[in-house]
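Peer 1: Based on these hints, arrange chain B with the ligands on the given structure of chain A.
Protein chains in written order, with the working numbering: chain A, 3 to 295; chain B, 50 to 285.
A few of these clues could be false.
Label-pair distances were calculated between CB atoms; the ranges are [as the list claims (entries may be wrong)]:
no. : chain 1 : residue 1 : chain 2 : residue 2 : range
1   : B       : Pro186    : A       : Leu234    : 48 to 54 Å
2   : A       : Gln201    : B       : Pro186    : 27 to 33 Å
3   : A       : Ile21     : B       : Gly199    : 32 to 38 Å
4   : A       : Ile21     : B       : Ser198    : 35 to 41 Å
5   : A       : Gln201    : B       : Lys122    : 18 to 24 Å
6   : B       : Gly225    : A       : Ser14     : 31 to 37 Å
7   : A       : Ser14     : B       : Asn70     : 48 to 54 Å
8   : B       : Asp119    : A       : Gln201    : 18 to 24 Å
9   : A       : Leu179    : B       : Glu117    : 37 to 43 Å
10  : A       : Ser14     : B       : Gly78     : 41 to 47 Å
11  : A       : Leu179    : B       : Lys122    : 38 to 44 Å
12  : B       : Gly199    : A       : Phe238    : 55 to 61 Å
13  : A       : Gln201    : B       : Arg263    : 32 to 38 Å
Below, a list of computed lysine-lysine pairs in the PhoX-like style, where the Cα atoms sit at most 25 Å apart [said to hold, decoys possible]:
no. : chain 1 : residue 1 : chain 2 : residue 2
14  : B       : Lys141    : A       : Lys210
15  : B       : Lys77     : B       : Lys264
16  : A       : Lys210    : B       : Lys122
Derived from the structure by calculation, the hints contain no laboratory data. Cβ atoms here follow ideal geometry from the backbone N, Cα and C, with glycine treated the same way.
Next come the chains, spelled out residue by residue.
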Amino acid sequence: MYFLNAALLGMSRRVVASILVIFGGAALLAAMASIGLWSHWVGWQKQNLRASRTAAVFVDSIDKNVVEEVLTQVMQVPGVESARVVSPEEFTAFLKQHFPDLAAATVELGDSVIPRTLEVVFPLDSDTFSRQHSADQIKAIKNVTRIDDGADRLGAAIHSLAWLSYGGICLTIGLWLVLLIVCLGHYQSIFYTDSQEIQLIRSFGASKFSIFLPWLLEAVFQSLITGIVVVLSLVFGRGYLTEVYNQFFGSLGYEPFVLENKNFLIVSMAIFLLALVAHVLGGLFALMRGKIA
Amino acid sequence: MLISLRQVAKAYSPNSLVLRNVNLELAKGEFLFVVGDSGVGKTTLLKLITAEEFPTDGQVTFDGIRSELDSSKLLRFRRRVGVVPQDYRLLKDRTVYDNVVIPLFFGRHGTNSPPVSFMGKGARKLVEDAVTNVGLPVKILEARVRELSGGEQQRVAIARAIINSPDLLIADEPTGSLDHDHTWTVMDLFQKLNLKGMAFVVATHDREIIRRVRKRTCHLSGGTIRVDDREGACIF
Ligand SMILES: Nc1ncnc2c1ncn2[C@@H]1O[C@H](COP(=O)(O)OP(=O)(O)OP(=O)(O)O)[C@@H](O)[C@H]1O
Ligand SMILES: [Mg+2]
Numbered sequence: 003m004y005f006l007n008a009a010l011l012g013m014s015r016r017v018v019a020s021i022l023v024i025f026g027g028a029a030l031l032a033a034m035a036s037i038g039l040w041s042h043w044v045g046w047q048k049q050n051l052r053a054s055r056t057a058a059v060f061v062d063s064i065d066k067n068v069v070e071e072v073l074t075q076v077m078q079v080p081g082v083e084s085a086r087v088v089s090p091e092e093f094t095a096f097l098k099q100h101f102p103d104l105a106a107a108t109v110e111l112g113d114s115v116i117p118r119t120l121e122v123v124f125p126l127d128s129d130t131f132s133r134q135h136s137a138d139q140i141k142a143i144k145n146v147t148r149i150d151d152g153a154d155r156l157g158a159a160i161h162s163l164a165w166l167s168y169g170g171i172c173l174t175i176g177l178w179l180v181l182l183i184v185c186l187g188h189y190q191s192i193f194y195t196d197s198q199e200i201q202l203i204r205s206f207g208a209s210k211f212s213i214f215l216p217w218l219l220e221a222v223f224q225s226l227i228t229g230i231v232v233v234l235s236l237v238f239g240r241g242y243l244t245e246v247y248n249q250f251f252g253s254l255g256y257e258p259f260v261l262e263n264k265n266f267l268i269v270s271m272a273i274f275l276l277a278l279v280a281h282v283l284g285g286l287f288a289l290m291r292g293k294i295a
Numbered sequence: 050m051l052i053s054l055r056q057v058a059k060a061y062s063p064n065s066l067v068l069r070n071v072n073l074e075l076a077k078g079e080f081l082f083v084v085g086d087s088g089v090g091k092t093t094l095l096k097l098i099t100a101e102e103f104p105t106d107g108q109v110t111f112d113g114i115r116s117e118l119d120s121s122k123l124l125r126f127r128r129r130v131g132v133v134p135q136d137y138r139l140l141k142d143r144t145v146y147d148n149v150v151i152p153l154f155f156g157r158h159g160t161n162s163p164p165v166s167f168m169g170k171g172a173r174k175l176v177e178d179a180v181t182n183v184g185l186p187v188k189i190l191e192a193r194v195r196e197l198s199g200g201e202q203q204r205v206a207i208a209r210a211i212i213n214s215p216d217l218l219i220a221d222e223p224t225g226s227l228d229h230d231h232t233w234t235v236m237d238l239f240q241k242l243n244l245k246g247m248a249f250v251v252a253t254h255d256r257e258i259i260r261r262v263r264k265r266t267c268h269l270s271g272g273t274i275r276v277d278d279r280e281g282a283c284i285f
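For reference, chain A alone in the conformation it holds in the complex (with noise of 0.2 Å):
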């Protein structure tokens, strides 16, 4: 009980101190949530992109007969997870939406000059080889004109998805670092000020723990509050970091952003986990730097 009465005293002591670590860590660590959150949703993005496991495939005809018949045999085609004809009422919207001139051209030619398509989506984890497998196989059937597949398309795009997100995961480590330092300079500063208080509890007989202990239960109190300040924040800045998130990814065809109630529980614990090791880890730092114990 001594010890948590020193935490506790010790923060009463110095509560601008604690309170600016505080709301300053908050804010550091919420910047890195969501950060963190933003950069792992585009790693994950960058494999769930529809479009990029969607091929195109045209087909010469517009007899339904014969398009009905190209899908089941590229149905039949081994690494092929789905197929499914594209309606020529859902090929002019596409086309309204993104090449308007071309949509308008088409309703005067009317509705036999629309393209025949299907969509055929590939499985998640197909790698390139037996994608383009399947791809040479769908391209031999009978009545197939051509085959886009969107991850050629995209390439360039889910290349540079790939460095948007390991940028932003150094960001977040570099956040962390400024945490930390930032937890280093308060912790050493304690340790100053309170030297002459360390020094004269050591010659009662204070050993090392019972020297470090109270700043330990400090520096767990005050890792805590963070945690708990930024878990709020998050909690009511979740709408709208959703929002933000979404209007990143335009037309790509991506998959929107939702923070599910089990995530968001492991990304509390990590920002929990995160303050407690940056102020833990500070507070070590200041006491072998300061050679207190």
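Peer 2: Positioned in the frame of chain A, the structure of chain B with the ligands alone reads:
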């Protein structure tokens, strides 16, 4: 032997010995005055005994433990010793209570002191007894040390040193800031505690104390113990 110094020398910087050839033995329950001119090394000798400083040469042992060798035993030894530093070393921004109660955090380890939790009513009672014994009113406990006079601060330091009923009390000029009456309150208290078995090492300038208390007296001069007067009969 509670304390024993053998051929001890101490230098703070390489070429200037403060103490040399110091041989001293203190039995359990013994009372010892250390006298000598200012700057002769009384405080240094006391710091060697409390293992706050370590000897440059020779050996200091506490109850058979060599200070520089065994740090965990040293901790336990320190908990059996009460110290009144020459500069008091009080936490100036805390209350008197907070200062006096500190030694109880680490438990009572003196041979004739029952353990007391520093949280319960028992601790409060011990703190009150300690300040009353040094002639301070109980209401001073809530005051901050910064607000006290020099003599009051000195007595707070004494109260802090005795609260644990240590086996050995080391006091460096414990009456340096006290008036005549309070000096004798403290000295009477020391003698009473000594009768109960607490050993004392007291550094002092006060000839009247030496004359009236009549205990073993070590005279320091020229960096060593010139006279070790067992009867306290020799008046310097
Ligand atoms: N930490 C230190 N570093 C360097 N020199 C020191 C240190 N402490 C004491 N000295 C020197 O050692 C000598 C003895 O000092 P000490 O404090 O032991 O004297 P003292 O007998 O207690 O004097 P006083 O009666 O004035 O308290 C002095 O010359 C002092 O300058
Ligand atoms: Mg001195």
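Peer 1: Indicate, hint by hint, whether the structure satisfies it.
Peer 2: Checked hints:
1. B:Pro186 <-> A:Leu234: 48 to 54 Å: holds, 49 Å
2. A:Gln201 <-> B:Pro186: 27 to 33 Å: holds, 29 Å
3. A:Ile21 <-> B:Gly199: 32 to 38 Å: The hinted range 32 to 38 Å holds for A:Ile21 and B:Gly199, with Cβ atoms some 37 Å apart.
4. A:Ile21 <-> B:Ser198: 35 to 41 Å: Since the Cβ atoms of A:Ile21 and B:Ser198 sit about 36 Å apart, the hinted range of 35 to 41 Å holds.
5. A:Gln201 <-> B:Lys122: 18 to 24 Å: holds, 20 Å
6. B:Gly225 <-> A:Ser14: 31 to 37 Å: holds, 35 Å
7. A:Ser14 <-> B:Asn70: 48 to 54 Å: At 51 Å between Cβs, range holds.
8. B:Asp119 <-> A:Gln201: 18 to 24 Å: Holds, at about 21 Å.
9. A:Leu179 <-> B:Glu117: 37 to 43 Å: holds, 40 Å
10. A:Ser14 <-> B:Gly78: 41 to 47 Å: holds, 43 Å
11. A:Leu179 <-> B:Lys122: 38 to 44 Å: Taking Cβ atoms as reference, A:Leu179 and B:Lys122 lie about 42 Å apart, which means the hint holds.
12. B:Gly199 <-> A:Phe238: 55 to 61 Å: holds, 56 Å
13. A:Gln201 <-> B:Arg263: 32 to 38 Å: holds, 36 Å
14. B:Lys141 <-> A:Lys210: Status holds; Cα separation ~23 Å.
15. B:Lys77 <-> B:Lys264: holds, 14 Å
16. A:Lys210 <-> B:Lys122: Since the Cα atoms of A:Lys210 and B:Lys122 sit roughly 13 Å apart, the hinted pair holds (cutoff 25 Å).
Hint compliance for this structure: every hint is met.
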